[in-house]
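Asker: Listed below are the residues making up each chain.
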Amino acid sequence: MNWQVIFPLIIFVISIFVVGFWSSRHLKNSSNFLQEYFLGSRELGGFILAMTMVATYGSASSFIGGPGTAYTQGLGWVLLAMAQVATGYFTLLILGKKFAIYARKYKAITLIDFLRSRYNNSKSVSLVAAFSIIIFIFSAMAAQWVGGARLIESLTGLSYTSALFIFAVCVIIYVIIGGFRAVAVTDSIQGVVMFVGTLIILIGTIIAGGGISNIISDLARENPNLVTPFGHDGGLTPAYVSSFWILVGVGVVALPQVTVRAMSYKSSKAMHRALITGTIVVGFIMLGMHLIGVFARPILPDIAVGDSVMPLITMEVLPPWLAGIVLAAPLAAIMSTVDSLLLLVSSAVVKDVYLNFIKPSASSKQIKQVSFGVTTVLGILVFAMALSPPDLLIWLNLFAFGGLQSAFIWPVIMGLYWQRGNQHGALASMVVGVSSYIIVHNFAPNMMGVHSVVFPIIFSLLAFVIVSLLTKETIISNSNKLQA
Amino acid sequence: MNHNEIDHNDPRFKIANREALIGVGLVIFNFIWWYGFAYGLGSTPPEEYTYVFGLPAWFFYSCVVGTIIMIVLVIIVVKGFLTEVSFEEEEETK
Numbered sequence: 001m002n003w004q005v006i007f008p009l010i011i012f013v014i015s016i017f018v019v020g021f022w023s024s025r026h027l028k029n030s031s032n033f034l035q036e037y038f039l040g041s042r043e044l045g046g047f048i049l050a051m052t053m054v055a056t057y058g059s060a061s062s063f064i065g066g067p068g069t070a071y072t073q074g075l076g077w078v079l080l081a082m083a084q085v086a087t088g089y090f091t092l093l094i095l096g097k098k099f100a101i102y103a104r105k106y107k108a109i110t111l112i113d114f115l116r117s118r119y120n121n122s123k124s125v126s127l128v129a130a131f132s133i134i135i136f137i138f139s140a141m142a143a144q145w146v147g148g149a150r151l152i153e154s155l156t157g158l159s160y161t162s163a164l165f166i167f168a169v170c171v172i173i174y175v176i177i178g179g180f181r182a183v184a185v186t187d188s189i190q191g192v193v194m195f196v197g198t199l200i201i202l203i204g205t206i207i208a209g210g211g212i213s214n215i216i217s218d219l220a221r222e223n224p225n226l227v228t229p230f231g232h233d234g235g236l237t238p239a240y241v242s243s244f245w246i247l248v249g250v251g252v253v254a255l256p257q258v259t260v261r262a263m264s265y266k267s268s269k270a271m272h273r274a275l276i277t278g279t280i281v282v283g284f285i286m287l288g289m290h291l292i293g294v295f296a297r298p299i300l301p302d303i304a305v306g307d308s309v310m311p312l313i314t315m316e317v318l319p320p321w322l323a324g325i326v327l328a329a330p331l332a333a334i335m336s337t338v339d340s341l342l343l344l345v346s347s348a349v350v351k352d353v354y355l356n357f358i359k360p361s362a363s364s365k366q367i368k369q370v371s372f373g374v375t376t377v378l379g380i381l382v383f384a385m386a387l388s389p390p391d392l393l394i395w396l397n398l399f400a401f402g403g404l405q406s407a408f409i410w411p412v413i414m415g416l417y418w419q420r421g422n423q424h425g426a427l428a429s430m431v432v433g434v435s436s437y438i439i440v441h442n443f444a445p446n447m448m449g450v451h452s453v454v455f456p457i458i459f460s461l462l463a464f465v466i467v468s469l470l471t472k473e474t475i476i477s478n479s480n481k482l483q484a
Numbered sequence: 485m486n487h488n489e490i491d492h493n494d495p496r497f498k499i500a501n502r503e504a505l506i507g508v509g510l511v512i513f514n515f516i517w518w519y520g521f522a523y524g525l526g527s528t529p530p531e532e533y534t535y536v537f538g539l540p541a542w543f544f545y546s547c548v549v550g551t552i553i554m555i556v557l558v559i560i561v562v563k564g565f566l567t568e569v570s571f572e573e574e575e576e577t578k
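Note that the protein sequences, when read in sequence, are chains A and B.
For the first sequence, this note's numbering assigns the number 1 to the initial residue and increments by one for each residue that follows.
For the second sequence, this note's numbering assigns the number 485 to the initial residue and increments by one for each residue that follows.
Pulled out of the complex, with its shape left as it was, chain B reads as follows (with noise of 0.2 Å):
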């Protein structure tokens, strides 16, 4: 008696696998973001640093910006992207 076992081709893991690689996705792209901005801007001589509503721009754009860009992402990517399934087991029947 060992229901334990997992279906391997069970066609829920397809979806969850897409979206698992949409996650690396974003957290590679939000990394891209965060330090090209902030290494970018914010290696020059703090004397020479532009401003963005008074923070300095590296800050703005890495992290001010950055996580407003990575919340829109991360709705866009929820509402268009990732496919509900049920979590019960029904192929038991099967």
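Bound conformation, chain A alone (with noise of 0.2 Å):
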């Protein structure tokens, strides 16, 4: 065991304990249980809100699976993974002010609750919506879950095993004692380790290399393919690389931990704030972590596992006690997301099941056993599934979003931005979202030289407008009633 590596990660994992205590306590005062416990009282400033965006967003995929891949593919992967730029700006642009009214007026905690007010109560809608959220994030999560046991792993020597059990028990004990706030709160700690952590690995990593120019003549020399925008082999195509602006950057708009986060903001001027923070920050990190991942190529030659490359170059380039302390970055990025998801799959269990459909008059005592139970079930079931881990990390997680996106964009966005936008229209086009993903995903992958994503969002957007269209009538009757 390396314990001047582990000693600042234990300090790290200590100090996100105490902000989940901090954060209890507003939880035991709170007058409404389920607004803090899910979305912290609607009280996020500007650089929490930035923060929290990041880190939930910024996930194992960017710091572990992204890093790993660029080292594979060359610089084409760093262009690629640019596309999140936009995420920064986009979503909260998007669905900024009027997202946030609207959920105000609706009293909206979930994605779902919002869903559900928008497309007059439909029973459908939001039972499809939170069965599509369970299965997705749960996905998701357990992607996060084996990138954090995997980095605990290689850092400490114990057994992917034990390295899961730590990485879960934290994880769930400090969601259930302190809720959104605990998350959003650790989240902003986490992002700032990110933040740091990126840049001094970034600076190690060209240093080691012997400068930029040094390290990019190594690259073109072993492979002239890994500094061209085609990837190692030229299978990086213009098309397939730009369709990643849909999964990576606009498409983010309608994930719902980033939702949910645009529903938590105090004021229009904490959004402005993260609309600025948000971009840099992202920015940055996307650029530095994947450039390391290039970077440490000419260093670490013959690494096999992708995963591995971050912790394994941070601990070539740095002295042992700063290693420890900046690899807090990718273990800050994947228990951020990790809890956030945790606490979404929970809300969705226990606010749009568990209160929707089998106990609307349950009491706040039972609410809050209720949510805490589910919290600590959902959490020992992702522990299961990552027992056994499938392979490759990043596209479990990719999956995820695309499934996610398929079924939410149009009826969030259309929700906003078009009136005429119906019930009838969002199912079907939830439906055929994520029908045409899973169909697509596995048998026509990269249909036409694009990403799988691309092809259902086209579908369920043709779905919503026809669908919404031809029942029209539904609406404009209900469009009276709101007149009258």
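Treat the hints with care, as some may be off.
[Claimed, not checked] Mimicking DSBU-like on lysine-lysine, the simulated pairs with C-alpha atoms at most 30 Å apart in a straight line are:
#1 K472(A) with K269(A)
#2 K107(A) with K498(B)
#3 K365(A) with K28(A)
#4 K269(A) with K563(B)
#5 K498(B) with K266(A)
#6 K563(B) with K105(A)
#7 K365(A) with K266(A)
FYI, nobody ran anything at the bench for these hints, they're computed from the structure.
From these two lone chains plus the hints, build me the complex, please.
Answerer: Dropping the structure here:
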């Protein structure tokens, strides 16, 4: 065991728990348990908002899988990753004020609350939505846990199972004690760690490689494709790379873990500040992390498992105590994604299934007990799934991303910006989106050279518009009712 | 008792819609800049690449400069074009 590396990590984990306990005081004193546990009572300021969005979104795939793929693919993968800069400003500008106003008016705590209120309290809309969230977020979570456990495993030398166990226990406990506020505040700490960590590792890697020019010429000597936009074997086509603008750029607008944050800001001023901070932090972290992956190649040429590039390069180029501090960055990224996903699935189960369909009259004490219980059970379930992990972390994670986007992008966006859109359109759009995504993903991946998410998003838009227009009468009578 | 109704003529929505359009504009600009430099400069054979600060020029302009430009644009947009509105409900009393 390398105690010089592990010690700073332990300090980091302890400080996370301190935040959890601090937040649990809010939870105890809050008059509205659900609002506080799942939304932090809508009190997020600009900095915390930006950081929690970045940290939630900047997940294992950007810190472990992403740099690993960049290591294999070269600069072309960094180019692809830069599509994510758009998420920094796009999501906040699109959901922005309108979503915040709707969410407050509807008293919505989850994305499903918003969809249900917007689409005439449609039961089928909320059930399909809850189902998609539970399935897809669950697989995203499993991918993250695998990443977290691999990281702890490679740092400490513990077995994968014990690493996973430590990771799981930490996450479950602090989500349960602190709820959304704990998650958002620790996200900010984690966001700062990620930002600083990226900077330090990047500098260390450039120095170890003998300067940027030197690294790039080493890469070009090994394989000229590594310094082109086309990937190590020329396989990254412009169409494929560009289609990632939908998956990791603009489509992020529809991810429930992002939308729930767009409900939680305190004021429009907080949102404005988050726009700037978010764009800077996302841009820097994505560029830095992926460049580290590429630059690691001449320094450590024979890494077999892409996922281990980050921890290995960090321990190679930094002194152990510093490596311990900055390796908290990827761990931070994973934890902060996992905690919000855990909370999100819990909210789907408690708020959208239990309170809506099973026991609407539950007392606040019951709600509390059920919330904690559901969070714990879900945590244990993910733990069980992550025990025998699938090989490619990043693809499992991206599968979930695409599925959620195919389901929610049009019900959310058209729900805000197209008055004619109705519950039938939303339902059709979700069903068509998810099923066509599963079909395309499994049977015709990368159809016409673009990522599997592109066609399902087009199909679900068509479904939304056509079905909404066909069932027009319902809408007209409803809007008459509204004006009356 | 349906207080879920949304007043579509709410003046705040005009602001929100305009800001959403700004977001779309920014993304389109961002994409064109990113794509243009990456594949405009990057499509030549690697032996003919020029380098800026040690990085291939296509990468430097597309990813490094592109990101900085987007940050500057976002700051300009936030400072100059966004309007602060209240999220609370005032029109209930109306």
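Asker: Does each hint fit the structure? Answer for all of them.
Answerer: Results of checking the hints against the structure:
1. Only pairs whose Cα atoms come within 30 Å are accepted, and K472(A) paired with K269(A) is rejected, the gap being roughly 38 Å.
2. A threshold of 30 Å between alpha carbons decides the hint, and for K107(A) with K498(B) the separation of about 22 Å falls inside it, so the pair holds.
3. A distance of roughly 12 Å separates the Cα atoms of K365(A) and K28(A); the hinted pair therefore holds under the 30 Å criterion.
4. Taking the CA atoms of K269(A) and K563(B), the gap is near 11 Å; set against the 30 Å cutoff, the hint holds.
5. For the hint linking K498(B) to K266(A), the alpha-carbon distance of about 21 Å falls within 30 Å, and the restraint holds.
6. As the CA atoms of K563(B) and K105(A) are separated by approximately 27 Å, the hinted pair is consistent with the 30 Å bound.
7. A hinted pair counts as satisfied when its Cα atoms are at most 30 Å apart, and K365(A) with K266(A) qualifies at roughly 27 Å.
Taken one by one, the earlier hints fail for this structure only at number 1.
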